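The whole structure should be built from the sequences, with the hints applied where relevant.
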Amino acid sequence: MRNPLFRPRAVVAAGTAAVLALGAAACGDSGESSADLTWWHISNQDPLMSLFQEFADDFESANDLTMDVQPIENQAFKDRMGTAAQSGDMPDIFHTWGGGVLAEQVEAGLVKDLTGQLDCIDQINPIALEPYTIDGKLYGMPFDAGVVGFWYNMDLFAQAGIEQPPATWDEFLAAVEALKAADITPIALAGADKWPGHFYWTYLSMRLAGLDGLEAAADAGDFSDPAFVQAGEMLAELAAMEPFQEGFESTVYAEADGQAAIMGEGLAAMELMGQWAPQAQRDNSGTEGPENLGFFPFPSVEGGVGTTTEFLGGGNGYAVAADAPDSALDFLCDFMAPENYSRAVAEGNLTPVAADPASVAPEMSEDTQKVVDALAGATGTQLYLDQAYPPAIGGVINDATEGLLLGQVTPEDFVAMVNEAWAAEQ
Amino acid sequence: MTLKEPLRVSPVTGRPDRSAGSRPRRRSGRPGAGTLSTFIVPGLMLFLLFVILPVLFAAYVSFFRWNGLGGVPTEFVGLENFQNLLKDEVFLGDLWRLGLIVVLSLLVQLPISFGLAMLLHQRFPGRTAFRLLFFVPYVLTEAVTAVLFRLVFSPRRGFADSLLGSLGIDAQIGWLSDRNIIMFVVFGILTWKFFGFHMILFLAGRQNIPEELYEAAAIDGATRGQAFRSITLPLMGPTARMIVFLSVIGAVQLFDLVYVLTGGGPFHASETLAITMYEQGFQRNQIGYASALSIAMFLISLVFALFYQRFVLNRDLQGSITTSGGTRS
Numbered sequence: 001m002r003n004p005l006f007r008p009r010a011v012v013a014a015g016t017a018a019v020l021a022l023g024a025a026a027c028g029d030s031g032e033s034s035a036d037l038t039w040w041h042i043s044n045q046d047p048l049m050s051l052f053q054e055f056a057d058d059f060e061s062a063n064d065l066t067m068d069v070q071p072i073e074n075q076a077f078k079d080r081m082g083t084a085a086q087s088g089d090m091p092d093i094f095h096t097w098g099g100g101v102l103a104e105q106v107e108a109g110l111v112k113d114l115t116g117q118l119d120c121i122d123q124i125n126p127i128a129l130e131p132y133t134i135d136g137k138l139y140g141m142p143f144d145a146g147v148v149g150f151w152y153n154m155d156l157f158a159q160a161g162i163e164q165p166p167a168t169w170d171e172f173l174a175a176v177e178a179l180k181a182a183d184i185t186p187i188a189l190a191g192a193d194k195w196p197g198h199f200y201w202t203y204l205s206m207r208l209a210g211l212d213g214l215e216a217a218a219d220a221g222d223f224s225d226p227a228f229v230q231a232g233e234m235l236a237e238l239a240a241m242e243p244f245q246e247g248f249e250s251t252v253y254a255e256a257d258g259q260a261a262i263m264g265e266g267l268a269a270m271e272l273m274g275q276w277a278p279q280a281q282r283d284n285s286g287t288e289g290p291e292n293l294g295f296f297p298f299p300s301v302e303g304g305v306g307t308t309t310e311f312l313g314g315g316n317g318y319a320v321a322a323d324a325p326d327s328a329l330d331f332l333c334d335f336m337a338p339e340n341y342s343r344a345v346a347e348g349n350l351t352p353v354a355a356d357p358a359s360v361a362p363e364m365s366e367d368t369q370k371v372v373d374a375l376a377g378a379t380g381t382q383l384y385l386d387q388a389y390p391p392a393i394g395g396v397i398n399d400a401t402e403g404l405l406l407g408q409v410t411p412e413d414f415v416a417m418v419n420e421a422w423a424a425e426q
Numbered sequence: 001m002t003l004k005e006p007l008r009v010s011p012v013t014g015r016p017d018r019s020a021g022s023r024p025r026r027r028s029g030r031p032g033a034g035t036l037s038t039f040i041v042p043g044l045m046l047f048l049l050f051v052i053l054p055v056l057f058a059a060y061v062s063f064f065r066w067n068g069l070g071g072v073p074t075e076f077v078g079l080e081n082f083q084n085l086l087k088d089e090v091f092l093g094d095l096w097r098l099g100l101i102v103v104l105s106l107l108v109q110l111p112i113s114f115g116l117a118m119l120l121h122q123r124f125p126g127r128t129a130f131r132l133l134f135f136v137p138y139v140l141t142e143a144v145t146a147v148l149f150r151l152v153f154s155p156r157r158g159f160a161d162s163l164l165g166s167l168g169i170d171a172q173i174g175w176l177s178d179r180n181i182i183m184f185v186v187f188g189i190l191t192w193k194f195f196g197f198h199m200i201l202f203l204a205g206r207q208n209i210p211e212e213l214y215e216a217a218a219i220d221g222a223t224r225g226q227a228f229r230s231i232t233l234p235l236m237g238p239t240a241r242m243i244v245f246l247s248v249i250g251a252v253q254l255f256d257l258v259y260v261l262t263g264g265g266p267f268h269a270s271e272t273l274a275i276t277m278y279e280q281g282f283q284r285n286q287i288g289y290a291s292a293l294s295i296a297m298f299l300i301s302l303v304f305a306l307f308y309q310r311f312v313l314n315r316d317l318q319g320s321i322t323t324s325g326g327t328r329s
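Protein chains in written order, with my numbering: chain Y, 1 to 426; chain F, 1 to 329.
Treat the hints loosely; a few may be bogus.
Covered stretches of chain Y, as calculated for chain F (at least 3 residues, CB under 8 Å) [what the hints assert, rightly or not]:
id	region
1	61 to 74
2	105 to 114
3	241 to 249
No lab work stands behind these hints, which were simulated from the structure alone. All values derive from a computational prediction rather than experimental measurement. Cβ coordinates follow ideal geometry from the N, Cα and C atoms, glycine included.
Printed below as a string of C-alpha cells:
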C-alpha cells in the first residue's frame, strides 16, 4: 500500500467528512425539533408572547416533557407554514384561521381530526367553531373570535368636526373629506401587506352583493356580477381621494412605523381592522394608544342588499398535526383551562370564545366589549377571503386589491383576475 | 473539434518534446480507481443529491398543476405552466427588471468599483482603513441590509428624509413607495452593498499586474495614461469578465434584499424572478407553476453561463475544466 490515500486513517477521515457534509446539508431549515411538542403561534409580542411561554413552561414541568415554542410574525408564519406543509413536516400545534387554507391542509392529511377528542370543547361557543369545521369534522380549536370594523380616534374625528361615526358610504366619504380638510390623515393602511387592503374590497362586496351573493359567487367561481365591479369602482374612488398616510404603498402592518403604530401614535384617524387592533396599536407604537378609541361597523352602501350587522370576521385558533402526540390535545385543553385562558383574555385583550364569556372575562376591556357587542348583534359573518378561499385565489384577491388601490388594476381587470384564478382552481 | 494538437518542439534540442505533451508523465503512474473514487464520490453524491436531483424534480413538477401538499403530483398539464408564464405580466416585468439591474450594474456599479480600486491601489495614508470601510457593507447579510434601509427610507422619520430636511429640502420622496423610482432605490442599495466586493476583486486583479511592466513602459517613455490604456486595462480583463459574470448571475438570483425591503412591491414594481417564484410556490401553493418559473431561471442562468464562457471567458478559462458558475456575487 504505497498510496497514502489507502491508509485506513485517510479513508476514515474522508468518509467522516462526507457524512458530516451530508448531515449538515440535511439538517437545513426544518420544523423538526428534538422537543416532545412544537408549538408555532403568531403572538410574537408581549404580553402574550411571555404569557404563552409561561403556559408552555408550566405544561412542561407538570407533564415532564419538553416544548419548543416558536412565536412567529403573522406574514412570516404564513410563509413558514407553507414550506412546512409542503415538506409534510408540520409543527405539532400551529396557529390557524380555518377556512380554505386549513381545508387544503386537511385534504393533504396533515391535520388531526379533533372531533370528540377535546374534553374542553364544551366550554367554547359553537359559533366560533364554524371556520374550523370541514365536512362536519372539527380541525381546530378557536381561542379568539371577532369582527373587522373601523377603529377610529374619537379626538381626531372631533377635531375635524365629525360628530357621528359615518353610517353610510356617502357619509364615510364625507368624513374622509372633512379629515383631509382638517389636515388629518384619514386612514392608516399597510399597503405592502396587501391583506389589510382586501378588507375594503370584501366589505364593499358584502354590502353590495350581500353575504348570499358572495357565497354564490364563490360556489360558482364566478365574480362577474356587476356588484363586484362596482365594489372595485368604489374602492378606486376612495383611493383616488388619497385618504391614506404618506408612503402607505410600502407600509406593513406590524412594524415600528407600520399601520398599527401609526394609529397608536394618533397619526391617522381610523383603520379597518380586526379585534386585535387596539392591542396591536399599543404593542407596535410602544404607547398607550389613542386615548379615545371608538369602533363603528363598515358603513352601508346605498342600493346594496347587505346590512351593517353583517361582519367580516374570523378568529384565531390552533390546529394539531396529524402525527402529533396526544399531549398536544392535553396542551390545548390546558390552554383553555379557565385559570390560563382568563389570563390570556385579560392580558392580551383577546375576544373570548367561551360559551359563557363572563366566566373567563368578568371585566372585559372597553375595546373588547365593543367587539363582543358587535358579534352579539351580528346577523351574519364572512371569514377573511384570503383565508376562506384556497391560497391561490386568496393571493390573487389580495394582490389585485393592491393593484386597485395603486391605480394599476381596473375594477374590470380585478374581476377578470379573480375569475381566472377560480377557473384555474377547478 | 478534430483539431490536432500542434506538435511541440523542444527549444533546446529542436526535437519533438515528449515531456510537454498534453499528458505529462508522472513518477508514480496514473492514480488508481480507489484514489479517484475517494476524492470524487463524496462530492459527486452531494452534487447529485442536492443539485441535479432537485433540478430534475423541478423540471418534472413543472408539467403538473400541483399545490405541493400530500403525495406526488398527479394532474399533468403539459406545457400549460410555461404558456401561462409567457402571458404573465409579472414574469415579463421580472425579465425587464433583471435587464435593468444588469445594465445599470455594468454601466454604473462596476465602473465605480473599478475607479475606487485604482484609487486605493495608490499609496496614501489610511489606505487600509478605506479598503476595510468600503468592504464592510458586503459583510452584512442581505436581510440585515434591507432592514437597515427600511429604517433609512421610512417615510415619516427615516434618516434619508431627516437628512434632506436638515438641509432645508422638503422633498417628500416616496423612496420605497413610488413605483417609478423604486428600482433605482433598489439598485442604489445593491450598489452600496456590492461595490466593496467588486472593488476588492479589482484591487486583487490590479495587484497581480507586475510592476516591471510599468517600469519598462516608463523607460520606453510611456505616459501614465498610455500605461493605463495599454497595460492596466488589458491585464484587468480577466478580472472584469469574471466580475461581470458574477454580477449577472447574482442579478438573476436576487431575492433576500428586495424581499425584505419591499416584498417586491409596490404592486410588483420591484419584484424579481425569485420573489415571483417564492410567492407563487409558497404563498399561493402553486408549486407546478413556481417550478416552471424556476426552470426558466435555471435556463436563463445556464444559457448565459454557457455563452459567456464560450465567447467571453474562453481565453481566461483555457486549461481549466472547472467554472465558477452558480456562486452569488
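Going down the list of hints, with the structure as the test:
Coverage of the region 61 to 74 of chain Y by chain F is violated. Counting CB-CB distances below 8 Å, 0 residues qualify, and the rule asks for three or more. Only residues whose beta carbon comes within less than 8 Å of a beta carbon in chain F count, and the region 105 to 114 of chain Y has 5; three or more means the coverage holds. Look at the region 241 to 249 of chain Y against chain F: 5 of its residues bring a Cβ nearer than 8 Å to a Cβ of that chain, three or more, so the hint holds.
In terms of the numbered hints stated before, the structure departs from hint 1 and from no other.
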